[in-house]
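Chains as they are written, first to last, in the working numbering: chain A, 200 to 586; chain B, 200 to 586.
Treat each hint with caution, since some may be false.
As the list makes no split between identical chains, a pair holds if one copy fits it or if it spans any two.
[Said to hold, decoys possible] Quick list of in silico lysine-lysine cross-link-like pairs, BS3-like style, CA-CA up to 27 Å:
| id | residue 1 | residue 2 |
| --- | --- | --- |
| 1 | 586 | 263 |
| 2 | 263 | 512 |
| 3 | 361 | 251 |
| 4 | 461 | 379 |
| 5 | 529 | 263 |
| 6 | 415 | 361 |
| 7 | 263 | 553 |
| 8 | 361 | 512 |
| 9 | 379 | 415 |
| 10 | 379 | 251 |
| 11 | 553 | 379 |
| 12 | 555 | 361 |
| 13 | 453 | 251 |
| 14 | 529 | 415 |
| 15 | 529 | 560 |
| 16 | 379 | 560 |
| 17 | 251 | 553 |
| 18 | 361 | 560 |
| 19 | 553 | 512 |
| 20 | 555 | 263 |
| 21 | 263 | 361 |
These are computed hints drawn from the structure, not numbers from a lab.
Protein chains: 2
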Amino acid sequence: MKITHCQPYKKANFIKFTFLVFFYLIMFLPSLVIGQPPRGPYVISPRVHPDKTVTFSYLAPQAKEVRLSGQFQRDPVAMTMGDQDIWSVTVGPINPDIYPYSFIVDGVNVMDPANVAFFPNEYFKASLVDVPGDEPLIHALQDVPHGTVTYTNYISEVMEDKVMPLVVYTPPGYEESPEKEYPVLYLISGTTDTEETWFKVGKANLILDNLIAQGKAEPMIIAMPYGNNGIPISGPASPDVVPMYQAFSDQLVKDIIPYTEKSFRVLSDREHRAVAGFSRGGGQTLWSGLSNPDKFAHICSFSAYLTREAFEKNFRSFYSNPEETNAKMKLFWLSVGNEDFLYQQAIDFMDLLKEKNIDTKTLVTGGGHTWMNCKLFLSEAAPLLFK
Amino acid sequence: MKITHCQPYKKANFIKFTFLVFFYLIMFLPSLVIGQPPRGPYVISPRVHPDKTVTFSYLAPQAKEVRLSGQFQRDPVAMTMGDQDIWSVTVGPINPDIYPYSFIVDGVNVMDPANVAFFPNEYFKASLVDVPGDEPLIHALQDVPHGTVTYTNYISEVMEDKVMPLVVYTPPGYEESPEKEYPVLYLISGTTDTEETWFKVGKANLILDNLIAQGKAEPMIIAMPYGNNGIPISGPASPDVVPMYQAFSDQLVKDIIPYTEKSFRVLSDREHRAVAGFSRGGGQTLWSGLSNPDKFAHICSFSAYLTREAFEKNFRSFYSNPEETNAKMKLFWLSVGNEDFLYQQAIDFMDLLKEKNIDTKTLVTGGGHTWMNCKLFLSEAAPLLFK
C-alpha cells in the first residue's frame, strides 16, 4: 500500500524534475547564447512602490561603481552592492510620469537588462520607468476601447525608391466601421529618435485612446514617419540643413501622405490633415506646414522654432495676408518648456508670429526638452485638432 | 555691385549658420538629456562591407577593455581603440544572416548605441547585425507586396482580466480584400523573449511576405502573443512548470484565439488554425496543440520537446489511435539544430513519436538554440501550413 502510494508520487516528481531541468536550462540559455555570463539571481527592476519611490537594481559582480541616471533627477545617484552581487538604489518619491533612465556601470551607460520598456533611438540606449498617478494619467493603459498600432512601410520616390518605415495608429472602432473615414495627424519625432519613439515613449496611442474615450479628442489616425531622411548634417559650417528640411517636406507630401491615404481610410482634405512634431520633428513640422498651407490646416510644433530670418525669407506668403491665413489655419500650436534649451528661441518665434498677426495657440510649461513634455504637449494639442 | 552680391550671400550664410547651430545643439541634445556625456564624434556601427566582413565601432573614452560578443563567432574578440576614442574591430567574412551581438565594455554587456536594430528580451540586451546574401535571403526586405504588423492587446480572463499585448501580422492584400478570411498561425517566442521577438528578430513578417510572393506559402495571419504568463518558475525543485504550460494553453484557447477571431478576418475551423513556437514557446506549442487537437490541425515545435513521461501521462488520447490522429493532423513539425543544447532530447521526442506511429515532418539543421535557426525553421515550416 505504501509502495503503491509512493510509486506515482515519485514518478510525478520525476516528471516535474525533468521538466524543471529543461526550464532551468532554458531560463539561462539566452545569456549563454548571447555570450553573457549566466545571470545568476533573478533581478526585478524597476520596482515602483505605493509611495512612488522606486527601487532600481542591476546585477554586476565585477563592477567597481554603478550609478543611476534618470530624467526624474538632476544628477546620477550612486547605487550600492547588496546581496548576490546586485546593486540597487531607491529614489523618490517621483512625480508620476514615464521617464528615461539608464545605469552607468564603471562609466558605461547601460539599459536596464531586466526591463523590457525601452527608448527607441539611434544614438543612445535608455530604459523607461512608469510611475503611475493616483488617478490614471492621460498616457496610462486604461479600461477603455483601444486603437491599434500598425508597422508598415512605403516606397519613397523622394528617397530614390527606398523602403521607409511608417507606424500608424488607428483609433478604436476603425476595424468595426469599414465605411468610416478619419482625419489624420502626421506626427514626427526628434533628432536621433525613430518612427517608434512616439509610440513606445510618447504613448501617442494610449493618449488618444483616453482622450477619445473621454470625448475630448476626435477619433483620428496618426501616421508616425521616420524623420531622419539621411541627408547628413556635417556640422555647424555645413550648408545642408535647409535642403534636409525641404527634402523631408517633399517626402511627406509626395510619399507619406499618398501612401497613408491609399492604405488607410483617411479624409483627404486639408481641414482633416494635421502635422505635428518634436524638436527636429517640430522644425520639420513648421517647414512642411508653412510650405504647404494648401495641405495642412493644423500645425503643432513642440519645442522647436524657426529663426526670424528663415521665416521671413521663406514664408512671406504665409504672413503677408494674415487675415486670409488666419481664416484658413484651423490650429497653429506652439509649445515649449521653460527649462528647454530652446525656450528663448521658441518664445521669440511665438512673439514673431504675434508681430505678424498670425493667430496661434501657445503653451509654456515647466520642464525641459523631454518626452515627458512631449506627452503633455500631445495631450493638450490633440483635443484642439479637427474641430 | 560687390556689396549687392555679397549681402544676400552673407545673409543666406547667416541663416544657414543659425540653423546649423540649432541642429548642432539638437544633435547632441539627447545625450545631454539622458545624462550621458556628449557623444563626440558620429559613430556608424555596424558597417557591413561588400566582402561580408563587418566593422563594429563603439565610442568609449574611459574604457580599459572593449570586446565584441556575437552569435557569428564562438568567443568574444578584442576591439582596439583608434582615433577619437572609438574602439573598433573588423570580423568575418560572416555567413549571411541576422545575428545578435553586444559589446563587453570592462566586463559590462552593452547594446550598440549607434544601432537601432535590437533584440527585445526581458533579461538581456543585444543589438542585431544583418549581413545580406548575394541573393536576398528569405527574411530580407524585398520589392514584393508587404503585409503589416499590428500591435494590439486583449483582456485575458485567464490572467484575471489583465491587458495583454498581441502583435499580429496581416498579409499583403488584407486591407484591399475586405471580404476575404485567412488561416491563422499562433506563433510563440522563447523564455525571456517578448511578443515583439518574432517580429523584430524572427522577421516573421518579411519571411511570410517573401514566401507568399514566391507562391510558396498561403497568405495567413500570424498572431504573436507574450509567452510569459507570470507563473514563476522557482527553480529545479519547483512543482510549478506544468501549471504554467496548462495556464498558457488556457490563455491561448480562451483569450487569444477568441480575441484574434473577433478582431481579424480569420477562418475559425481547426484546419485553418496552427500553433508554433520556439524553446519555451515550442513547449507551450506542444502542450497547447496536443491538449486541443480539436482546435489545431497544425503543430510546429522549434527546438523543444516533451519528455516521454509527460507525453505518455498527459496525451494518451493523442497517440492511442494513431491512424485517427494522423488523419486529423495536417502537420506535426519538429525541428532542432545539431548544436542545440536540446538536440538529443528533441531527437528522442522525434523517435518517440515515430514509435507511437504519429506522422511528423522533421528537420535537423546545423547550428544551435538560436534565432538564426528560428528564421530557418519558420521559413521551412510555413510553406507546409494550410495545405
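We went through each hint and held it up to the structure:
| no. | hint | in the structure |
| --- | --- | --- |
| 1 | 586 - 263 | neither (57 Å within a copy, 59 Å between copies) |
| 2 | 263 - 512 | neither (55 Å within a copy, 51 Å between copies) |
| 3 | 361 - 251 | between (46 Å within a copy, 22 Å between copies) |
| 4 | 461 - 379 | both (14 Å within a copy, 19 Å between copies) |
| 5 | 529 - 263 | neither (57 Å within a copy, 57 Å between copies) |
| 6 | 415 - 361 | between (38 Å within a copy, 26 Å between copies) |
| 7 | 263 - 553 | neither (55 Å within a copy, 55 Å between copies) |
| 8 | 361 - 512 | neither (32 Å within a copy, 55 Å between copies) |
| 9 | 379 - 415 | within (19 Å within a copy, 35 Å between copies) |
| 10 | 379 - 251 | neither (42 Å within a copy, 49 Å between copies) |
| 11 | 553 - 379 | neither (38 Å within a copy, 54 Å between copies) |
| 12 | 555 - 361 | neither (40 Å within a copy, 52 Å between copies) |
| 13 | 453 - 251 | neither (47 Å within a copy, 35 Å between copies) |
| 14 | 529 - 415 | within (17 Å within a copy, 50 Å between copies) |
| 15 | 529 - 560 | within (10 Å within a copy, 62 Å between copies) |
| 16 | 379 - 560 | neither (30 Å within a copy, 46 Å between copies) |
| 17 | 251 - 553 | neither (42 Å within a copy, 57 Å between copies) |
| 18 | 361 - 560 | neither (37 Å within a copy, 39 Å between copies) |
| 19 | 553 - 512 | within (17 Å within a copy, 78 Å between copies) |
| 20 | 555 - 263 | neither (58 Å within a copy, 57 Å between copies) |
| 21 | 263 - 361 | neither (46 Å within a copy, 40 Å between copies) |
Of the numbered hints listed earlier, those contradicted by the structure are 1, 2, 5, 7, 8, 10, 11, 12, 13, 16, 17, 18, 20 and 21.
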